Structure formats: structure tokens, C-alpha cells
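Could you slot chain B onto chain A? The hints should help.
From first to last, the protein sequence lines stand for chains A and B.
If you want our numbering, it's the position in the first sequence, counting the first as 1, plus 7.
If you want our numbering, it's the position in the second sequence, counting the first as 1, plus 7.
A few of these clues could be false.
Identical copies look the same in the list; a pair holds intra-copy or inter-copy alike.
[Claimed, not checked] Derived pair list, reagent style DSSO-like, types lysine-lysine, alpha-carbon separation capped at 30 angstroms:
#, residue 1, residue 2
1, K155, K334
2, K274, K318
3, K250, K175
4, K294, K192
5, K257, K277
6, K83, K307
7, K192, K250
8, K257, K142
9, K192, K155
10, K257, K141
11, K142, K258
12, K303, K198
13, K175, K318
14, K175, K253
15, K294, K206
16, K250, K142
17, K141, K274
18, K81, K198
Bear in mind the hints are in silico, worked out from the structure with no lab data behind them.
Owing to the predicted nature of the structure, the values given are computational and were not obtained by experimental measurement.
There are 2 protein chains.
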Amino acid sequence: MIKIAIDAMGGDFGAEPIVAGVIDALKQREFQAYLIGDNNKLKSLIPQEYSRFITFVQADEVFAMDESATDVLKRKESTIYKAVELVRTAECKAVVSAGHSGASMSLATLRLGRLKGISRPAIATLMPTTQNNKKTLVLDVGANVDCKAENLFEFAIMGYAYAKEIMKIDNPRLGLLSNGEEDCKGNEITKDAFDMLKKLDSFIGNVEGNQIFDGSVDVIICDGFVGNILLKTSEGVAGAITKIIKQSVKKSPLAILGAFFMKGVFKGLKNQIDYDEYGGAPLLGVKECVIISHGKSSPKAIKNAIFQALKFSESNINEVISNELTKYDK
Amino acid sequence: MIKIAIDAMGGDFGAEPIVAGVIDALKQREFQAYLIGDNNKLKSLIPQEYSRFITFVQADEVFAMDESATDVLKRKESTIYKAVELVRTAECKAVVSAGHSGASMSLATLRLGRLKGISRPAIATLMPTTQNNKKTLVLDVGANVDCKAENLFEFAIMGYAYAKEIMKIDNPRLGLLSNGEEDCKGNEITKDAFDMLKKLDSFIGNVEGNQIFDGSVDVIICDGFVGNILLKTSEGVAGAITKIIKQSVKKSPLAILGAFFMKGVFKGLKNQIDYDEYGGAPLLGVKECVIISHGKSSPKAIKNAIFQALKFSESNINEVISNELTKYDK
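If we strip away everything but chain A, and leave its shape as in the complex, we get (with noise of 0.2 angstroms):
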């Protein structure tokens, strides 16, 4: 059995929502969860039925939110702490946290270490498209502000390898994020780092931000500043239609009749674009499974979070990215 090391209380809701989405992820497959945190809160949370999936790791501290995320090398009696160093020492094979994210970052790079030839780890995250089924993969979205084209050419790699081996596309197609299709578009370091994707044969050029949406690329390759800017575009756009119509809707009973027949439609929609479907984000370069969940995440985003650990662990990813790697001589 795949043995998950959970930060069971990092989230901004505590344990509750955490130890919720353990459960429901046990009721659809089978997994050990190691649960770090206060042992008598977590045990109490934990129906009978579940308990032999369950093992419990007492850490005394949580590592709060506005904490500089570097101080958590010195906080080893944190639940973050102690989750990553289950993996560090191979108790466990993945590590989910919906806790501090730079903390999560800095311990995965510096504890667990990078892949060699990546000097860069990322996040990378699902978007939805107008395809059903169909996602698209953004990194990075927010581990690295300041990007040299180089980094952008390992995000490519580790993007190609995660499409392939955890979203199972046989032939993924790679995009730069640019102002413009055509070739000649670009800042500096997009056009840089255009020159150096050219050697990759599923790198299909620069594409537009409205091509996230629409299912005709894979994997799109940004810096994490652009990238944290599209995610939280694109949440501020959904959120903005949804509260106009909610709105308008108010104002006249014909249309809360209509919104009453269109309840299916609205449903599936949410679905299709909510972030709990896909519940974290990976951080890709580092040498184990390291999933980022959101400080806010509900039991169904750490249930997906979860899936995403267990798939990662059951592919050859990093093997993947390295091997890659070697192929290109930068």
C-alpha cells in the first residue's frame, strides 16, 4: 500500500477539512495516510472503520501562514516539517499540505533536493477547457517570480514529462505563453527561451492566454509571476461572471425559474471549472512528490490532492524528467 504523509493541520481550517478529505479519499481506494499533527485531536476525527489505514505522527507546531518560509528549516517540530522528512527518509512515498507554500517549497528543495540538471523546481496546475475530460497544464505558477530562459526549458521538460506519464497523453504539445502567436513575439526572455524550446519536438511555438481554455495545447511553460497573475485572472473572471449573474438573476422571478431548470447546467460548470477538482498542484523538479494544496482547500480538494499524490508515485515522472534532460544538450 502507497504510504501518503498528510499535513493534517498546516490548512487555514485546521484538521477538520484535512482528516474529512483522508476519509473520503479511503472510501474510493485503499492507501496508508500518515497523518502529522496533534495525535489526540486527529484520532478523535477518525471513524473506527478507517483506523487500521490511518497511521498518526505527533507534531506539536503548525508553521503559520505569515511566517518568512525559509524559518521552517529551523521549525522541526512542525507538522510540515516532520511530513516532508517522512519522504526525505522513505517512510512515506508522497506528501500532501495545504499549509504554507513557500514553507513546502523550501523543504522539498532543501531537504529532499532537486532532480539533477534542474535548478528550478515548479508548480504546475491543471486548467479546464471547453473539452470535456480535457485539461491544460500551466507551470510554473508561482514557486519562481524572477525566470532566466533556462528555467523556462526545464519547466518544458517537466511539463512534457508530467502530460506523458500522470495525464497520459502519448504526444503532448508544448506552448510558450507569449504576447502573440507568431514567432517573433515575446519579451526578452520568452524569446530567448523560444530559441532554446525549438529542439523539442512537441514544442508546437507561442500561444495565447486564451489558448489555455481551449484544449489545443497540453502544457503551457510561463514564469511564476505571469502564471500567478493568469490563475488569479482567470479565478477573478469566473468568480465575476457567476456573481453577475447571481445578481441579476435576483431581479426577476422569470429568471430564478429559468436559474431553476438551468441547476443541472450551472452544476456542471462548477464542476468542470471548479479548483477542487483538481485539489493541488505539484511541485515538479524535486526528487520525491511534493502536492501544494491551497490554505483554503475543502475535503474534496484534499481528497483530488491526495489522487494526485498516489498517481505520482505510481508513475515514473522523475525518471522521465531525467532522462529528457539528457537528451538535450542546452
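Chain B only, in chain A's frame:
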């Protein structure tokens, strides 16, 4: 009567939608429209009762979308060149073009000239928010892909002036687009820009992508690379949501009925987020008024672009920009 030079043939769909937009604008208010293009063609499109508001200016060539922007300087017989020339010679107060946007920028910068103290003009665009009648101005959205901190500072001054003079906001709130709200967030360039922007009373600090749409800030500053990506990402999300809803409605008769009852809601939403409601983006930082419209502009977009040109021409925005710049010792 304010005279507006209109590149009547530069858009993707030829003269028809442009002229239709001009007529629609004339139905709402009086101005003198200088239509630049093939006069025989254009005359045939003008209803008799509007002819007294039209001045025809013959131009034999159209500068094509796939030509290199700077080549336009040699194309003195092109519609866009002649349109800008009418402003340069002070015959007209403003120019509206749905033609090659790079060519419009080159002509504006090199023939009309930059405002004193502005090293890079920027394209500004209005974005919808969830608050009725409240828009957010975003700049730059494409004129400058590589920016220095000084450029972002100038964009802030120009955006402030636009918000005050055109949007009529008494105390505009300026935000710097970043990967987090905290002061410490940003890439190398935005961090430097942050330090410069602190001098401005109107500066509220870093803002995130979702704040474009919530009405919490009036002007958002970014470089043209990020601005272009966020614009296309926003269009992409809105388009994807519309498509998912449409696809899903089709599958259920009840939902079709519901959508019928919600027709007013969807129409209102469309109006609120529709690009055509703004119709064009002003190029800020040049000595006169240049409104850049999308090549695929509808008559409605052209009409609203003309209204933008009229508002701009009646304002003191360029004076305000110059005054504000002298206030701050960069």
C-alpha cells in the same frame, strides 16, 4: 464641432462596419467625421441625411495587418498614415483606427510625438467589474513588452490622469499588478517600480489578478507582456464559460427553457463584459488622441471608440499628465 479622423478601411472587414459605426455614433451626437479611404466606395455607404457630417479624404492604400509596423512611415498613401497626418496638421482632434495597431503606435509616436517626460506610450483598456458602471483601467496592454520600473511609473501617471479626466474619478486608486498583495511580492522590475510608486498618494500597493474585476482599484499597472496575456486570458475564460453553458444547455429540454427565461440575464451579462462596450483603447503618452480599435471591430465597437475619442478630445488629460510628471522628481 469636434473633427475626428477615422481610418475607414484599415480593419479586417473593410469599410462597412466602420462606416456603420460612424453613422450609429452620429445618431447619438454631432461631430465631424473625416473618413479616410476609397472615396467612391465610402460615399456609397453614407445615407444622404448624414452627409453634412462627413468629410471624405482619399487614400489609395490600406496598410496590411501582416506588414512590419515601422514600414508604415514610408506608406504615405495609406489610410492610417493619412488619418494620423490629419491630426498632426491639427485639422482633426483625434484619430480612430481598427487597422494595424503597431502601425498606429509607430505613427503616433514618431509623427505626433511623445509627451514630454514620457519615454514609452502605453495602450490602456477598460475592464468590466462586478459593480455596475464601474470599470478598471489596465495599462499597458501591449505597446511595450519589455519595461523598466521607470516605464511602469509613467504608466501610473498616465492611468491616474485618464481615471481623473476621462473616467471622472475624484481620487483614483492605483495598483501595481503583482503575484501577491504584500509589499514584498513582485519580480525584480515591479519591486523597483513599487519603490517609485510609493511617492504617489493614489498608490494603494500591489494588487492581484482577481482585483481587476472586483472594483477595488481604479487603475492597474503592468507591462505590455503581462497586460496582453491577462487580456487574452480573461477573454478566454469568459468565452469558455459561455461555451460550456451553451453546450450543456443543448442537452436538456428543461435547461433550454430555463435559458429562455434567463435571456435577459445573459444579455445583461454580455453587455457588461462585452469588449464592444468600450470599442477601443487609447494610446496614452502621445501628444494627441489616438484610439486603437480591434481589427475585428463591430459597428458598436467603432461607435464607442468614437465616443472615447470625443471624450478624450474634450478633456485636459494630456495637460494633467504633464503636470503630474513635473510634480514628481523621479
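We went through each hint and held it up to the structure:
Proximity of K155 to K334 under the C-alpha cut-off of 30 angstroms is restricted to the intra-copy arrangement: shortest distance 20 angstroms within a copy versus 37 angstroms between copies. Taking the shortest alpha-carbon separations for K274 and K318, only the intra-copy value of 27 angstroms comes in at or below 30 angstroms, while the best inter-copy value is 43 angstroms. For the homomeric pair K250 and K175, the shortest alpha-carbon distance between copies (26 angstroms) is at most 30 angstroms, but the shortest distance inside one copy (36 angstroms) is not. Taking identical chains as interchangeable, the C-alpha atoms of K294 and K192 lie at most 30 angstroms apart only when they sit on different chains, with a minimum of 27 angstroms there against 35 angstroms within one chain.
Within a single copy, K257 and K277 get their C-alpha atoms as close as 19 angstroms, and across copies as close as 17 angstroms, so both meet the 30 angstroms cut-off. Taking the shortest Cα distances, K83 and K307 sit within 30 angstroms of each other inside one copy (29 angstroms), while across copies they are farther apart (63 angstroms). For the homomeric pair K192 and K250, the shortest alpha-carbon distance between copies (28 angstroms) is at most 30 angstroms, but the shortest distance inside one copy (35 angstroms) is not. In this assembly of identical chains, the alpha carbons of K257 and K142 lie at most 30 angstroms apart only when taken from different copies (22 angstroms versus 33 angstroms within one copy).
When the C-alpha separation of K192 and K155 is checked against a cutoff of 30 angstroms, the pair qualifies both within a copy, at 17 angstroms, and between copies, at 18 angstroms. For the identical chains of this complex, K257 and K141 are inter-copy neighbours only, at 20 angstroms across copies versus 33 angstroms inside a copy, given an alpha-carbon limit of 30 angstroms. Within a single copy, K142 and K258 get their C-alpha atoms only as close as 35 angstroms, which misses the 30 angstroms cut-off; across copies the closest is 22 angstroms, which meets it. Taking the closest pair of Cα atoms, K303 and K198 come within 30 angstroms of each other only across two copies (27 angstroms); inside a single copy the shortest separation is 37 angstroms, beyond that limit.
Proximity of K175 to K318 under the C-alpha cut-off of 30 angstroms is restricted to the intra-copy arrangement: shortest distance 11 angstroms within a copy versus 54 angstroms between copies. Within a single copy, K175 and K253 get their C-alpha atoms only as close as 38 angstroms, which misses the 30 angstroms cut-off; across copies the closest is 29 angstroms, which meets it. Taking the shortest alpha-carbon separations for K294 and K206, only the intra-copy value of 25 angstroms comes in at or below 30 angstroms, while the best inter-copy value is 45 angstroms. With identical chains, the CA atoms of K250 and K142 are at most 30 angstroms apart both within one copy (25 angstroms) and between copies (16 angstroms).
Proximity of K141 to K274 under the C-alpha cut-off of 30 angstroms is found in both arrangements, the shortest distances being 18 angstroms within a copy and 29 angstroms between copies. Within a single copy, K81 and K198 get their C-alpha atoms only as close as 40 angstroms, which misses the 30 angstroms cut-off; across copies the closest is 28 angstroms, which meets it.
The structure is consistent with each of the numbered hints, conforming to all of them.
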